[in-house]
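Asks: Top to bottom, those sequences are chains A and H.
Position one of the first sequence corresponds to residue 0 (numbering that gives the first Met the number 0), numbered consecutively onward.
Position one of the second sequence corresponds to residue 0 (numbering that gives the first Met the number 0), numbered consecutively onward.
Hint data in this document are derived by calculation from the structure and do not stem from the laboratory.
Heads up, the beta-carbon is just placed ideally off N, CA and C, and yes, glycines get one too.
Hints are supplied without guarantee of correctness; some may be wrong.
In the SDA-like style, the derived pairs of lysine to any residue whose C-alpha atoms are separated by at most 25 Å in a straight line are [claimed, not checked]:
id : chain 1 : residue 1 : chain 2 : residue 2
1  : H       : Lys227    : A       : Asp147
2  : H       : Lys245    : A       : Gly36
3  : H       : Lys33     : A       : Ser128
4  : H       : Lys33     : A       : Arg122
5  : A       : Lys32     : H       : Ser131
6  : A       : Lys87     : H       : Lys227
7  : H       : Lys87     : A       : Lys33
8  : A       : Lys9      : A       : Leu181
9  : A       : Lys87     : H       : Thr124
10 : H       : Lys231    : H       : Arg266
11 : A       : Lys33     : H       : Arg122
12 : H       : Lys157    : A       : Ala22
A few chain A positions that, by computed beta-carbon distances, are all more than 10 Å from chain H [what the hints assert, rightly or not]:
id : residue
13 : Leu31
14 : Ser112
15 : Thr132
16 : Lys194
17 : Lys231
18 : Lys245
19 : Glu287
20 : Asp299
21 : Gln305
22 : Ala306
Number of protein chains: 2
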Amino acid sequence: MIQKLIEKIKKTHAPVVVGLDPALSYVPEHLLKKSFGEYGETLEGAADAIWQFNKGIIDSTYDLIPAVKPQIAMYEQFGLRGLEVFQKTVDYCHEKGLVVIGDVKRGDIGSTSAAYATGHLGRVTVGNSQFSTFNEDFITVNPYLGTDGIRPFIDVCKEENKGLFILVKTSNPSSGEFQDRLCDGRPVYEYVGEKVAEWGAMHMGESYSYIGAVVGATYPEAGRVMRKIMPKAFILVPGYGAQGGKGADLVHYFNEDGLGAIVNSSRGIIAAHQQEQYARFGEEHYAEASRQAVLDMIQDIDQALQAVV
Amino acid sequence: MIQKLIEKIKKTHAPVVVGLDPALSYVPEHLLKKSFGEYGETLEGAADAIWQFNKGIIDSTYDLIPAVKPQIAMYEQFGLRGLEVFQKTVDYCHEKGLVVIGDVKRGDIGSTSAAYATGHLGRVTVGNSQFSTFNEDFITVNPYLGTDGIRPFIDVCKEENKGLFILVKTSNPSSGEFQDRLCDGRPVYEYVGEKVAEWGAMHMGESYSYIGAVVGATYPEAGRVMRKIMPKAFILVPGYGAQGGKGADLVHYFNEDGLGAIVNSSRGIIAAHQQEQYARFGEEHYAEASRQAVLDMIQDIDQALQAVV
Numbered sequence: 000m001i002q003k004l005i006e007k008i009k010k011t012h013a014p015v016v017v018g019l020d021p022a023l024s025y026v027p028e029h030l031l032k033k034s035f036g037e038y039g040e041t042l043e044g045a046a047d048a049i050w051q052f053n054k055g056i057i058d059s060t061y062d063l064i065p066a067v068k069p070q071i072a073m074y075e076q077f078g079l080r081g082l083e084v085f086q087k088t089v090d091y092c093h094e095k096g097l098v099v100i101g102d103v104k105r106g107d108i109g110s111t112s113a114a115y116a117t118g119h120l121g122r123v124t125v126g127n128s129q130f131s132t133f134n135e136d137f138i139t140v141n142p143y144l145g146t147d148g149i150r151p152f153i154d155v156c157k158e159e160n161k162g163l164f165i166l167v168k169t170s171n172p173s174s175g176e177f178q179d180r181l182c183d184g185r186p187v188y189e190y191v192g193e194k195v196a197e198w199g200a201m202h203m204g205e206s207y208s209y210i211g212a213v214v215g216a217t218y219p220e221a222g223r224v225m226r227k228i229m230p231k232a233f234i235l236v237p238g239y240g241a242q243g244g245k246g247a248d249l250v251h252y253f254n255e256d257g258l259g260a261i262v263n264s265s266r267g268i269i270a271a272h273q274q275e276q277y278a279r280f281g282e283e284h285y286a287e288a289s290r291q292a293v294l295d296m297i298q299d300i301d302q303a304l305q306a307v308v
Numbered sequence: 000m001i002q003k004l005i006e007k008i009k010k011t012h013a014p015v016v017v018g019l020d021p022a023l024s025y026v027p028e029h030l031l032k033k034s035f036g037e038y039g040e041t042l043e044g045a046a047d048a049i050w051q052f053n054k055g056i057i058d059s060t061y062d063l064i065p066a067v068k069p070q071i072a073m074y075e076q077f078g079l080r081g082l083e084v085f086q087k088t089v090d091y092c093h094e095k096g097l098v099v100i101g102d103v104k105r106g107d108i109g110s111t112s113a114a115y116a117t118g119h120l121g122r123v124t125v126g127n128s129q130f131s132t133f134n135e136d137f138i139t140v141n142p143y144l145g146t147d148g149i150r151p152f153i154d155v156c157k158e159e160n161k162g163l164f165i166l167v168k169t170s171n172p173s174s175g176e177f178q179d180r181l182c183d184g185r186p187v188y189e190y191v192g193e194k195v196a197e198w199g200a201m202h203m204g205e206s207y208s209y210i211g212a213v214v215g216a217t218y219p220e221a222g223r224v225m226r227k228i229m230p231k232a233f234i235l236v237p238g239y240g241a242q243g244g245k246g247a248d249l250v251h252y253f254n255e256d257g258l259g260a261i262v263n264s265s266r267g268i269i270a271a272h273q274q275e276q277y278a279r280f281g282e283e284h285y286a287e288a289s290r291q292a293v294l295d296m297i298q299d300i301d302q303a304l305q306a307v308v
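From just these sequences and the hints, can you work out the full model?
Replies: Rendered as structure tokens:
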């Protein structure tokens with residue numbers, strides 16, 4: 000799967016992920032009207048509106064990008080109906096040939112992590128049969144519990160040729176509270192990054208590991224350091240766009256081969272129609288606004304990378 | 000909800016939580032046969048077997064205990080059908096008057112944590128209506144992202160009179176990798192505990208905060224220290240029983256009022272019928288074996304607490 004991700008990045012010239020983190024407040028009036036008309040102002044209605052919204056964005060951007068990153072919380076808030084749409088979204092993105100990074104940030108003690116790994120990346124055994132359920136290609140994982148909480152995810156990834164992005168330095172304002180705390184002069188996240196490199200050696204692709212890391216665009220200095228500590232890890236970079244990260248901040252997240260990082264934007268793409276810059280498209284053409292926002296993001300990152308060559 | 004938890008602990012004389020973490024391998028043959036007979040060896044069949052299994056344990060223990068702690072991963076591994084049983088289990092435990100601690104270990108950047116809080120503790124708004132979905136009373140939360148990842152959970156807890164247990168020092172063998180790393184001579188988990196005390200002040204009950212902590216039974220020295228650092232926080236203590244913790248290890252997790260901690264056992268209770276000690280009940284009477292295991296656990300903890308008075 001890391002090979003597929005790399006091939007798709009090379010083919011699209013776009014180290015870019017679209018974050019499918021829908022909120023009802025992003026969904027255009029005409030879609031809400033249709034779904035609420037059919038199902039009422041119910042969880043079913045909300046779920047249908049979000050599904051239609053997602054489908055529009057996927058249809059309008061899938062040829063430009065290698066991967067999507069649905070944030071499961073945005074679906075989980077609508078309960079079972081929401082999670083049904085999460086699954087439908089993953090399946091539909093697979094139909095369109097996209098790599099799917101499930102942003103689930105799971106992580107627990109060993110036996111529990113094994114269950115999460117089964118549900119999101121693997122296959123569950125029932126009697127003599129096996130079933131895959133949520134079936135993402137990669138998921139994000141929280142490292143706070145250490146190796147025995149991570150290992151079961153890696154075991155399933157090896158069986159299924161899938162991968163992980165492990166939180167190292169997150170993009171949010173208070174990420175430093177624990178992650179930046181200095182131990183012998185080095186922040187906690189550096190120790191986490193060293194472990195990611197170790198864990199990554201357990202499951203290598205050709206040039207990169209199946210085990211990557213999350214380092215936020217909002218902390219470019221951390222990106223520069225972590226690039227060196229984890230040379231074989233792909234870095235998933237959130238925080239571009241709506242959270243404040245810019246293309247120029249991102250150059251040090253990449254290796255000299257021009258690979259090694261993939262930049263996520265969520266709101267900046269899927270709610271583009273609500274931004275002044277793309278207001279001209281009008282709410283009905285929200286998907287076209289998203290497409291334009293993807294094109295602009297690809298160009299911004301490409302220019303930043305060209306500037307350092 | 001913290002008041003309800005305290006009242007129920009006082010009434011049952013049992014600072015005990017039953018961890019509803021079912022696996023198909025725990026489910027007795029007669030239940031599997033029935034569910035697979037009805038639904039086949041399918042996800043539906045597995046989900047039904049687990050639901051019947053849970054129901055038996057709840058029916059046979061609810062009068063002895065204040066609370067249950069379903070581990071969502073064990074349901075999530077069966078996909079949507081599994082999560083349906085998670086929800087059914089939460090609802091059924093509420094019918095039986097139990098406090099439900101959803102062991103979900105969620106945690107993300109602010110806007111995403113807000114969505115998790117909505118789905119698990121709050122109500123989601125759809126048009127002019129509001130719906131609660133998973134509706135646990137407490138959930139466990141991962142602190143790695145710091146205050147702005149925790150704050151949205153606290154906000155929803157304040158609206159709904161609900162609470163959190165925040166991971167401080169987990170029970171698993173490699174929890175020390177990051178949690179024990181020394182910063183200025185003190186382990187990371189102490190800094191997390193100090194934050195829990197700070198966050199707890201934002202949402203106080205009468206004598207304890209709605210914001211508690213998780214400290215594993217397998218690290219009793221951490222329990223002793225954290226008890227002092229977070230005097231108003233209820234401590235949820237995993238790792239008793241199958242993971243190796245004993246009653247005698249637990250005394251320092253409690254305050255002098257005999258409160259302040261609640262001890263979880265999962266496998267030790269729900270798979271009691273598979274242990275030599277309870278084999279006499281026979282697989283068909285797994286629920287009675289669970290009841291006996293709860294009674295023994297209550298006695299073990301009570302004796303340990305009496306010994307220090």
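Asks: The structure should be examined with respect to each hint, and the outcome stated for every one.
Replies: Against the structure, the hints come out as follows:
1. Lys227/H <-> Asp147/A: violated (28 Å)
2. Lys245/H <-> Gly36/A: violated (58 Å)
3. Lys33/H <-> Ser128/A: holds (17 Å)
4. Lys33/H <-> Arg122/A: holds (23 Å)
5. Lys32/A <-> Ser131/H: Answer holds: lysine 32/A to serine 131/H is near 22 Å, not above 25 Å.
6. Lys87/A <-> Lys227/H: violated (48 Å)
7. Lys87/H <-> Lys33/A: Given pair lysine 87/H, lysine 33/A is violated - Cα atoms ~30 Å apart, limit 25 Å.
8. Lys9/A <-> Leu181/A: With Cα atoms ~38 Å apart, lysine 9/A and leucine 181/A exceed 25 Å; violated.
9. Lys87/A <-> Thr124/H: Given that 25 Å is the threshold and the Cα spacing comes to 22 Å, the pair holds.
10. Lys231/H <-> Arg266/H: violated (29 Å)
11. Lys33/A <-> Arg122/H: At roughly 23 Å apart (the allowed maximum being 25 Å), arginine 122/H and lysine 33/A satisfy the hint.
12. Lys157/H <-> Ala22/A: Holds, at about 23 Å.
13. Leu31: Non-interface label fails for leucine 31/A: nearest chain H Cβ at 8 Å, not farther than 10 Å.
14. Ser112: Since the minimum Cβ distance to chain H is about 8 Å, serine 112/A lies within 10 Å and the statement is violated.
15. Thr132: violated (3 Å)
16. Lys194: violated (7 Å)
17. Lys231: holds (20 Å)
18. Lys245: The claim stands: lysine 245/A keeps its Cβ more than 10 Å from every Cβ of chain H (closest is about 18 Å).
19. Glu287: The assertion about glutamate 287/A holds, with a minimum of 25 Å to chain H.
20. Asp299: holds (22 Å)
21. Gln305: holds (30 Å)
22. Ala306: Its Cβ never comes within 10 Å of chain H, the nearest being 29 Å, so this holds.
Checked against the numbered hints above, the structure violates hints 1, 2, 6, 7, 8, 10, 13, 14, 15 and 16; every other hint is satisfied.
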